[in-house]
Amino acid sequence: MQKFLPSLVMAALSVALTGCLQSEQQDEKVVINKNPYPSTYKVLPLQTTLIKNATVLTGTGSRMENADVLMIDGKINKIGNNLSAEGAVEIDANGKWITPGIIDVHSHLGVYPSPSVESHSDGNEMSSPNTSEVWAEHSIWPQDPGFQKARAGGITTLQILPGSANLFGGRGVTLRNVPSQTMQGMKFPEAPYGLKMACGENPKRVYGARKVLPSTRMGNMAGYRMAWAQATEYKRAWEKYDADYAAGKNPAAPKRDIELDTLKGVLDGDILIHNHCYKAEEMAMMIDLGKEFNYQSGTFHHAIEAYKIADTLAENGNCAAMWPDWWGFKMEAYDMVHENVAIVDAVKNSCAVVHSDSANTIQRLNQEAGKVMYRANENGFEIAPELAITWITANAAQSLGLADKTGSLEMGKNADVVIWNQNPFSVYAQAEQVFVDGAKVYDRFDEKYQAKSDFMLGQR
Amino acid sequence: MKQLTLFKSSLIALALASSSASFAQSFAITHATVHTVTEQGVLENATVVVENGKVIAINPETINADTIIDATGKILTPGLIGSMNQLGLVEVSAVSRSRDAKDKKANITFDASLAFNPRSTVIPYSRKGGITSNVVAPRGGDDMFKGQTFVADLSGEFDSVRSNNNSVVIDLGAKSKGSRALSLQNLQFKLEDAVKALAKAKQKTKNTKDQKEAKEPSREAQVINALLAGEKALVAYADRATDLLALLKIKEQFSLDLVLVGAADAVLIADKIAAANVPVVMAALDNLPGSFDSLHASLENAAKLTQAGVSVALTLNGDTHNLYQLRFHVGNAIANGLSRDVALASVTANVAKAFNLDSGTIAIGKTADLVLWSADPFELSTKVSQMWIDGKEYSTQSRQDALRERYTTPSDMPKAYIK
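Protein chains in written order, with our numbering: chain A, 42 to 501; chain B, 455 to 873.
Isolated chain B (complex conformation) (with noise of 0.2 Å):
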């Protein structure tokens, strides 16, 4: 009886353990190296402070916390944040009723939020990358708007969805049916019927007071006025530098937040980019001329557009199953020619800027969403030691490593009884 109660309590035990969370009220992270991805930039020996999933003191003069956490020799960065993928609509690309990013009637409309899985195997896989929160983008069907972005941390819990119908996503550039032209025009006709339908709007509504109210707009026209109001970035993916040039150009014209996605070429066009105050979402490492669109890749531009200007954030260019490789992506950018300080804010803060969200640095008030590192983020020999998400403390384990322990566990029984 008593090795049977012993047997139950170590199972708790281990349950517990390898449960994802912790639930400590409060909790200190002290002598840690704290790259705050903020002016206050690089702190040694800091101590940062959390409470109620928001960082509460950064080096106080006194230590206030449930638990302290000793990352002496340890590095402290905000959680990395992925996008421009599809984690949490995709389990396996191949199976079909698994899949739940593209739709052939999707529209500019697409709320794929609602299809977000929380329990896909990818999200744990992923936090091994320290990736804390992530920006998806859904890939919409014949349209050229692919829909809205939407922001789900990697907690895995059920309310993992932050935010949703955040921003426009439109693919532009080459086709292999048609032309390119048509597209940008298609944009450029919306946008322009657009203001004439909301001046027409307004002018209405001023002449005839009597008049029953006006009539709403279809959600589609509400789309596109909160592009023109500024409440909706457009996200646009295109390579070619004429077709960077003409979104420029729109969102000149329209005063629309843009952010570019891909960007292949946009190293031609680097000083307009900058200058437009537009920032370039883009795969450090794709850096072979795939297309006639991108013959200008290189593993030298994220350097390159960072030096001319450009606010730069990394991605994996829709690879979702590979997110966790971010952190890799930007050592290699490192590599060649990215400043170290740059290169964290392209995978945090820079991703917030561009997508309007409140994390990626370390910062009183922020969401504590934190990654405590082994060493250098960025070095293949580095892992996470400890992630919070929303305060709340995370596991890196994931389905892979039930793989691996029943697979190196050695037993005369067959493998499946090895759990």
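Isolated chain A (complex conformation) (with noise of 0.2 Å):
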């Protein structure tokens, strides 16, 4: 509060002023550049493909059989049987089948990478509760050898996200998974960046050890209260300037505050909220808490106990994202049920996804998925791949805010697509081929379409 005070009787001053110098010229408007460090990413080289004769899982709860997908500048243009198109590129896919490219909507790729050293340990701004002025994409190493891992599991699009020591740990960022010299090479064109919050053990273990707020939950809650009331004084002040400014006025300017700056993203519907918030009755506190101040309080990460409210989620839009059995290494993540997904997403209007957190993982969400399939058609639901895949694309892009992109293969949408040598949801499938925006980009089977990190040449 204290911060921006001077800067609201600046503007009270100069509508005071302005009150009596109505010809008074305007000073330039201050206007916020969103998007300071603008994505660079290319397609990689490209040509017009048509998969044949492959299972086909579309995402969007589809099964085809036979059927073939044709990529023509990077856009889904046709799946169905028996097309052709002329100088096309043809893959046989027969007895292979064929999903939209995975997404992992919590990595930390690139910001905790391998190899894990000191000098890479870039993911947990650990200095203060509230980080929100940080954005990891500041932390990306492009070079992670982790990336081209995950591509070849089949990954093409991932949030990497701050770690989740504080409270507000900072923005995420969504990348294609394409490898270049630099994290803007590889950042999703217009993706909406996420800002990671944190509920539970982690925010208050590190700051209670430094005996600061919080050092309880009811810490963490006073926490995020405290924040977006100051975000919403900060955006009141903005728009104040902006009325004024569009009434012929000439305001002063609020002072700029980078941390603010992200959660008024939020307020302003521009930034998803991203929340590591393992237990039940935290997530339904961080749901009303977006209803205290007015913004939507987006997907839960780690929601191992998602099940215990799994109508509360869908009915407020939440999406959820899960580990199909990671369990037990907190108190917090003691009441797993390898059920937990099918839970979530048996409930109509719910946005359940499998995530990693991991970079090995993360190599395998394809498993992950299938893992939890399996167990819950042991218990009663009747859970089809059609049905499983969602988990890993169409709502792992809901979650991103990219599902008019990405995550299903539909036509004008992203070529965004993997070919398994056999059922993804076998222990033994492979990506055999990834394309990303309809170029490939990996390729089991050819050397030339596998990526090595700077850090990987020469070693021996």
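FYI, nobody ran anything at the bench for these hints, they're computed from the structure. All figures in this text were calculated on a predicted structure; none of them were measured in a lab. There may be inaccurate statements among the hints.
BS3-like, lysine-lysine: derived pairs with alpha carbons at most 30 Å apart [stated by the list, open to error]:
1. A:Lys371 with B:Lys559
2. A:Lys389 with B:Lys873
3. B:Lys629 with A:Lys371
Derived coverage of chain A by chain B (criterion: at least 3 residues anywhere in the stretch with Cβ under 8 Å from a Cβ of chain B; other residues may be distant) [claimed, not checked]:
4. 143-157
5. 185-193
6. 361-370
7. 379-386
8. 396-408
9. 461-474
By construction, the Cβ of each residue, glycine as well, lies at the ideal position given by its N, Cα and C atoms.
Please dock the two separately framed chains into a single complex, following the hints provided.
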């Protein structure tokens, strides 16, 4: 609050002044650049490609047999039987399966890269419980060999998040999984930013140990509420500035605050919440917190107890991103059930997502989803592969605000495609070819399409 | 009244059905595809007879058993053996008072089996993965020796610990502070000193018959002596090829029984490891260059080491709560080149061999740790149909199932009333 009191006073003064001097000249309008580190991603060399005779899981809940997928100019052009296209590179995918490119909504690749060395530990700005001012993209090491491994597992899009030490960890960024020397070269064009928040044990442990707020869960809630109250004031100040300026006045712009810019971005609906939050009672409070301050409470990550409040999540439009089976490392991860994702998914208007949070399991999100499907089916569910695939494609895209661009094989969407050697929900399944925006970025049988990090070059 | 009785008896029936064990004296599993993991290989449509906790017959001419279990279409394997985790020593990793695998002051004598909790919820959960026994490795403290391994079955019974103080765990390789050289040097010196002390003691007893009994060596020294006598294996965490080579040299010099754990870069010296007949306990899915010690980690390493003649045992590298996933790791190793025969051995017979256990195969006279699978044990869609530990049947139901049932059972009352 104190931070921008002076600027409020300034604003008040300038309003008073403009009241007297009707003909005053307006200063140049202060406009905040919302995209100062823009994407420079370019689609890799591209050919019209026709994949023939595959089993296709579209990501929209359908399964098609002996189907062809046609990709032109980086988009899905058509899916159907007996397609042909002049000049297209044809791939015989008889016996193989095709899915949308796999999306991981929770990754720390690049910010906690391999090798895990001190100099690369850039994922958790553990210096204050609110670090909304930090952006994960500023920590990304594009040479993390983990990106290549993830690509071999069919990952075409991934959100890189800051860690969970803080109540507000900072902004996350969504990347195309293509090799590049720069973060900007990987950045998903037009993807909304995410804001990482964290409930529960981590913030209270980290800051409690330093005897600062939060040291309890009620301290966590107080920390969020104080920050949102401040952000609300900040937003109001800018809106007043914009309104006054539009009215021909010459107001002084509020003092720029990088931390509050991010929170305001959430309140404006530009930035999506990605909330590390395991427990049912905490998720329910975070939903109310969003209502209290007029923002959508977004996606709950590591939502171990989502199954306890599946209805509440669906009613409030929250996605839950979950593991199939991780548990027991913390008290808040004690109540895991294998069917968590399936229980959440079973509710109407739900958004169940399987995520990794791991440089290792990101390589096998197909198997992670498969584990859920089979365990659930052993216990009364009837989940087909065409539904299970949505947990790591379409629903993940929805969580990232990218449902109109990727996550399903539909006409006009980005041609993010994986060809699997068999049913992707087999332990023996392997991605054979991976396409991002219609361009081949990985081929299991062609070294030409197997990228290698600078770091791994020349090591013996 | 009648209703009440009915209710009571149904409760009892329920309790019986959900009780973890059934007490048949002898039983025969018939019509199964039996993977013996012995020279007998895979037996189709086979019968295995168990009595008093042991396998007493395979494909007998006449079946003589209290219970017959028709396993048509199913696969019988030895129970899988976990290793190098802290099962029973940790309930919740971040709850300090539920952890017993570490102690700052722990040394080579550290016997964590005293803290083993058979009632840990991780144990029935791990049975979902067909794990019937497990080599628990303590994580020690400041000392490079982390303590000694013990073996526990996954019955959840109070007598689960099968043996303790089995092998000595040492942690070598990259150090956050200091040099890896010092640990290797210390190991070398300790062994050399022990050899000298033993020779000296021998000399003493020979020369001075009338002297009082030779002073008993310290407890630490006794463990080192057991290593030198080959009574205990040295189980060494190390990744970089230079560390592995140094260990092979030490093994040769002191005729140690050596087991390598982790061994991310073992592929660089696979032929040497094979020639030294040293087993490697490794995680099949570790394929990232996590450090400068593990630049050659790869999904294909299990297959490559095996092809070079190394006996490979698969583990989850300390990941206790996910032990149940072991079979999926094996499946991935197969997808990356490991042959199917070796794959099953890597979580049964090879683990038993590396840690000197009397399990891991289906053979007459062996402990009846058995798992009957609905299909291919390594496939995601497969589940454990039935399993036996020491010849006794155990359920795979765990706390997780109780939670699922509670939250998928419709009720007008709060969930807390559903039990």
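We went through each hint and held it up to the structure:
| no. | hint | result |
| --- | --- | --- |
| 1 | A:Lys371 with B:Lys559 | holds (25 Å) |
| 2 | A:Lys389 with B:Lys873 | holds (27 Å) |
| 3 | B:Lys629 with A:Lys371 | holds (27 Å) |
| 4 | 143-157 | holds (count 3) |
| 5 | 185-193 | holds (count 3) |
| 6 | 361-370 | holds (count 5) |
| 7 | 379-386 | holds (count 3) |
| 8 | 396-408 | holds (count 5) |
| 9 | 461-474 | holds (count 6) |
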